[in-house]
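Asker: Here are the chains, one letter per residue:
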Amino acid sequence: MTKRQKRMMAVALLVVGLGVAAALGFTAFRKNMMYFYTPSDLVAQSVPEGAKLRLGGLVEVGSLKRGEGLLVDFTLADCKQAVPVRYDGILPDLFREGQGIVATGSLDTEGRFVADEVLAKHDENYMPPDLAASLMGPDGKHACEPFKSVTQAAVQS
Amino acid sequence: MIPELGHFALWAALVVAVLQTVLPIIGVRRGNARLMATASSAAQAQFLMILISYACLTWAFVTRDWSVSYVAANSHSELPLMYRISAVWGAHEGSMLLWVLMLTGWGCAVSVFNRKLPTDLTATALGVLGALSIGFMLFMLLTSNPFAREFPVPLDGRDLNPLLQDPGLIIHPPMLYMGYVGFSVAFAFAIAALISGRLDAAWARWTRPWTTAAWLFLTMGITLGSWWAYHELGWGGWWFWDPVENASFMPWLIGTALIHSLAVTEKRGLLKAWTVLLAILAFALSLLGTFLVRSGVLVSVHAFATDPARGVFILIFLCVVLGSAFSLYAWRAPKLVQQGEITLFSREGLLLLNNVFLVVAAAAVLIGTLYPLAIDALNAGKVSVGPPYFNAIFLPLTAPLAVLVGLAAVVGWKRGRVKDVVRQLRWPLLVAVVAAIALPYLIGEQARILALAGGFLGIWVLVTAVQEVWRRARSRRDPWQGLRQVPRSVWGMTLAHLGLGLFIVGMTFVSLYSIERDVRLGPGQSAELEGYTFYFRAVEHHVGPNYDADRGIVEVERKGRVIAQLHPEKRLYRAQQMVMTDAAVDHNPLRDLYVAMAEPLENGDWALRLYYKPMMRLVWLGGVVMTLGGLLAISDRRYRLRPTTAPAPAIGGAA
Chain A
1 MTKRQKRMMA
11 VALLVVGLGV
21 AAALGFTAFR
31 KNMMYFYTPS
41 DLVAQSVPEG
51 AKLRLGGLVE
61 VGSLKRGEGL
71 LVDFTLADCK
81 QAVPVRYDGI
91 LPDLFREGQG
101 IVATGSLDTE
111 GRFVADEVLA
121 KHDENYMPPD
131 LAASLMGPDG
141 KHACEPFKSV
151 TQAAVQS
Chain B
1 MIPELGHFAL
11 WAALVVAVLQ
21 TVLPIIGVRR
31 GNARLMATAS
41 SAAQAQFLMI
51 LISYACLTWA
61 FVTRDWSVSY
71 VAANSHSELP
81 LMYRISAVWG
91 AHEGSMLLWV
101 LMLTGWGCAV
111 SVFNRKLPTD
121 LTATALGVLG
131 ALSIGFMLFM
141 LLTSNPFARE
151 FPVPLDGRDL
161 NPLLQDPGLI
171 IHPPMLYMGY
181 VGFSVAFAFA
191 IAALISGRLD
201 AAWARWTRPW
211 TTAAWLFLTM
221 GITLGSWWAY
231 HELGWGGWWF
241 WDPVENASFM
251 PWLIGTALIH
261 SLAVTEKRGL
271 LKAWTVLLAI
281 LAFALSLLGT
291 FLVRSGVLVS
301 VHAFATDPAR
311 GVFILIFLCV
321 VLGSAFSLYA
331 WRAPKLVQQG
341 EITLFSREGL
351 LLLNNVFLVV
361 AAAAVLIGTL
371 YPLAIDALNA
381 GKVSVGPPYF
391 NAIFLPLTAP
401 LAVLVGLAAV
411 VGWKRGRVKD
421 VVRQLRWPLL
431 VAVVAAIALP
441 YLIGEQARIL
451 ALAGGFLGIW
461 VLVTAVQEVW
471 RRARSRRDPW
481 QGLRQVPRSV
491 WGMTLAHLGL
501 GLFIVGMTFV
511 SLYSIERDVR
521 LGPGQSAELE
531 GYTFYFRAVE
541 HHVGPNYDAD
551 RGIVEVERKG
561 RVIAQLHPEK
571 RLYRAQQMVM
581 TDAAVDHNPL
591 RDLYVAMAEP
601 LENGDWALRL
611 YYKPMMRLVW
621 LGGVVMTLGG
631 LLAISDRRYR
641 LRPTTAPAPA
651 IGGAA
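Chains as they are written, first to last, in this note's numbering: chain A, 1 to 157; chain B, 1 to 655.
Check the hints yourself; a few may be wrong.
With beta-carbon atoms standing in for the labels, derived distance ranges [as the list claims (entries may be wrong)]: (1) A:Lys3 with B:Trp331: 41 to 47 Å; (2) B:Asp550 with A:Gly19: 39 to 45 Å; (3) A:Gln45 with B:His542: 46 to 52 Å; (4) B:Gly323 with A:Thr2: 38 to 44 Å; (5) B:Gly340 with A:Pro48: 56 to 62 Å; (6) A:Gly19 with B:Phe345: 39 to 45 Å; (7) B:Val543 with A:Gly98: 25 to 31 Å; (8) A:Phe26 with B:Leu5: 33 to 39 Å; (9) A:Leu14 with B:Lys335: 21 to 27 Å; (10) B:Cys319 with A:Leu14: 56 to 62 Å; (11) B:Phe113 with A:Ala10: 21 to 27 Å; (12) A:Gly19 with B:Glu341: 22 to 28 Å; (13) B:Leu5 with A:Lys80: 51 to 57 Å; (14) B:Gln481 with A:Lys3: 29 to 35 Å.
Listed next, the in silico EDC-like pairs over lysine to aspartate or glutamate satisfying Cα-Cα at most 16 Å (straight line) [unchecked claim]: (15) A:Lys65 with B:Glu599; (16) A:Lys6 with B:Asp200; (17) A:Lys52 with A:Glu97; (18) B:Lys335 with B:Asp200; (19) B:Lys559 with B:Glu530; (20) A:Lys3 with B:Glu528; (21) A:Lys65 with A:Asp41; (22) A:Lys65 with B:Asp200.
FYI, nobody ran anything at the bench for these hints, they're computed from the structure. All values derive from a computational prediction rather than experimental measurement. Every residue gets a Cβ at the ideal spot worked out from N, C-alpha and C, and that includes glycine.
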């Protein structure tokens, strides 16, 4: 091979390699990208069963029920809608009723959200920014009467 | 009074930094040696000023001066002294001061150790460092002054974030910052080389120890961070692909690539423009990491309190620094001619391949980290990219790297001969295959394809690293003498590669064979995990200096014998009323047993999290060994030789 041919070979190899890498990356991306939903989004849009997503909301006061072992059921709500959530595992240290959390998981056949991870921030005034933004009305405020900590948290964030 | 002194010293340092930038550059333009020489004195004076300023802030913490609002926000009267000292870098303002302390410290070190460099090169590099510190000091003084006072003076501080009250956190941020900031030296040298147009083997040899030094600190910092997250966050994970972790990992990848391409530039005078680009990129990613962490655009355990003004300032600073660096590069890099050709099957060709993989891996991490931000900025929804993405893309990209490590060591410079390579690598290959099959049985597990592959790659790296030293020892008649004559840079390289091999083995096994169980146990009950029985004996109350805790007593039995008693804690930090989980771990090189108290349930029952993690320690041991390798490499005599007289040695030296 001449030098020129060699160089063309190298360039071709590089292009093929990059293409493969890009294709791999793109599929990995598509598969692992999770969208953020609020309870209202989840009720309004038809999300296919089993699709992975993140659900952010406030744990409704008085909704937490413990089952056998570590099973817990609670309701995650925003100002308008509420979604039942089931989780089998250990809740984070800062999980409390009335507090904003983000759960990762998917919907089951009964329209219940089955979480495989629950995150609460290590700060009692914390509200996930995604959630705070989505709860905010056009006037920059929101009135969620049932959740006192909501207004408080929104002021802070 | 003392805080005002600190504040004043900060302003004084800013003035000195301006001088450090302006005078040497005028000196270089006019060829005035006296003006150029001011760079060194300015760098030392600036370091002294910042040191004073830093000492003042530490003093305010030690004496519990609540009138300083940063102290009040991050300390408490009950906080132990050790944590009062480390609280200085516990939040944004103070850690910025630590950052600047290190930046000026590196500048001072350059001015001391590089006296033998051509003066114009040192002067330009120090000028660049001065310009960088102007940016950071302005940032501090304008948006985040750590010495701001608070009136009325609060009665007590609001306490340091309990997450940060841990020995790992005392040293993790300084190490990480030393690494981040350390790349500024390579950056400054790269800019100086572009400006002067001189980029030769001598330049590469000056830059190498600085790059390796920054890299070893970053390695240690990341390792410590991983270790801290493991036992402090209570999740038992050691790497989460959290955006902030990625922010430290990307400069590490590029820094590793830079170390290797510098070797090629020094030995063969090739890849010059590429090396300079990597030096710029490594620092660019360090700056980007700072931006991500400080600006509050990220949601993460690490993210600092948000303030839009800070984000905007850093973004502008980032654009100015990188914009000018890349413009300079585009303008001057074409002039960096390389001598000679590069063939793929040669040491330098394989090192280039290693660089390609490292850079692509860093790019993949970058995309995964920035994509959600871009989507959010375009108002196209809120997305997050999970660890599966990073694992799916990162592992296939790095596996070839492990193969290359062993291969490149036996392929000669300029042109390798396939026959020699095959002859030298048969034994390592055989050893790696046998050991990979044996490893799963060592921990009593079924072999799996991925475990075999990971084990093979790890052992392959280990064996070929040892072989390098072995070959050098055997080349002498007396092996001991041969061994003693192995230069430190080669020992350093060998250790770094050994560390990589240990890490690969550890990572493979801990990822594939870890077992996690969340259980509900009452006092007296027990749970089984991988042949270990965990007895939950009791919960007792424990009062710490600034927290109250429920402390569990868990006994671990194996084959009827008690092998460990563990004391996981659930702590309530009094000042912030914050609950924290402190996990307890029993470890040996082959496995970790991990117990965390999760939450109290009814009738004295607790939710406990139990883990069995084989070879967990190897992951961090690998990081430590890599760091030691870096230390050995920079202590090599060849970097201390008078650079103007010493020709590049033909043999020896790390690659």
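Asker: Could you run down the list of hints and mark each one as holding or not?
Answerer: Hint-by-hint comparison with the structure:
no.: 1; hint: A:Lys3 with B:Trp331: 41 to 47 Å; verdict: 29 Å, violated
no.: 2; hint: B:Asp550 with A:Gly19: 39 to 45 Å; verdict: 56 Å, violated
no.: 3; hint: A:Gln45 with B:His542: 46 to 52 Å; verdict: 49 Å, holds
no.: 4; hint: B:Gly323 with A:Thr2: 38 to 44 Å; verdict: 41 Å, holds
no.: 5; hint: B:Gly340 with A:Pro48: 56 to 62 Å; verdict: 58 Å, holds
no.: 6; hint: A:Gly19 with B:Phe345: 39 to 45 Å; verdict: 24 Å, violated
no.: 7; hint: B:Val543 with A:Gly98: 25 to 31 Å; verdict: 29 Å, holds
no.: 8; hint: A:Phe26 with B:Leu5: 33 to 39 Å; verdict: 56 Å, violated
no.: 9; hint: A:Leu14 with B:Lys335: 21 to 27 Å; verdict: 25 Å, holds
no.: 10; hint: B:Cys319 with A:Leu14: 56 to 62 Å; verdict: 30 Å, violated
no.: 11; hint: B:Phe113 with A:Ala10: 21 to 27 Å; verdict: 40 Å, violated
no.: 12; hint: A:Gly19 with B:Glu341: 22 to 28 Å; verdict: 26 Å, holds
no.: 13; hint: B:Leu5 with A:Lys80: 51 to 57 Å; verdict: 56 Å, holds
no.: 14; hint: B:Gln481 with A:Lys3: 29 to 35 Å; verdict: 45 Å, violated
no.: 15; hint: A:Lys65 with B:Glu599; verdict: 14 Å, holds
no.: 16; hint: A:Lys6 with B:Asp200; verdict: 28 Å, violated
no.: 17; hint: A:Lys52 with A:Glu97; verdict: 24 Å, violated
no.: 18; hint: B:Lys335 with B:Asp200; verdict: 13 Å, holds
no.: 19; hint: B:Lys559 with B:Glu530; verdict: 11 Å, holds
no.: 20; hint: A:Lys3 with B:Glu528; verdict: 65 Å, violated
no.: 21; hint: A:Lys65 with A:Asp41; verdict: 24 Å, violated
no.: 22; hint: A:Lys65 with B:Asp200; verdict: 70 Å, violated
Hints 1, 2, 6, 8, 10, 11, 14, 16, 17, 20, 21 and 22 from the list above are not met by this structure, while the remaining hints are.
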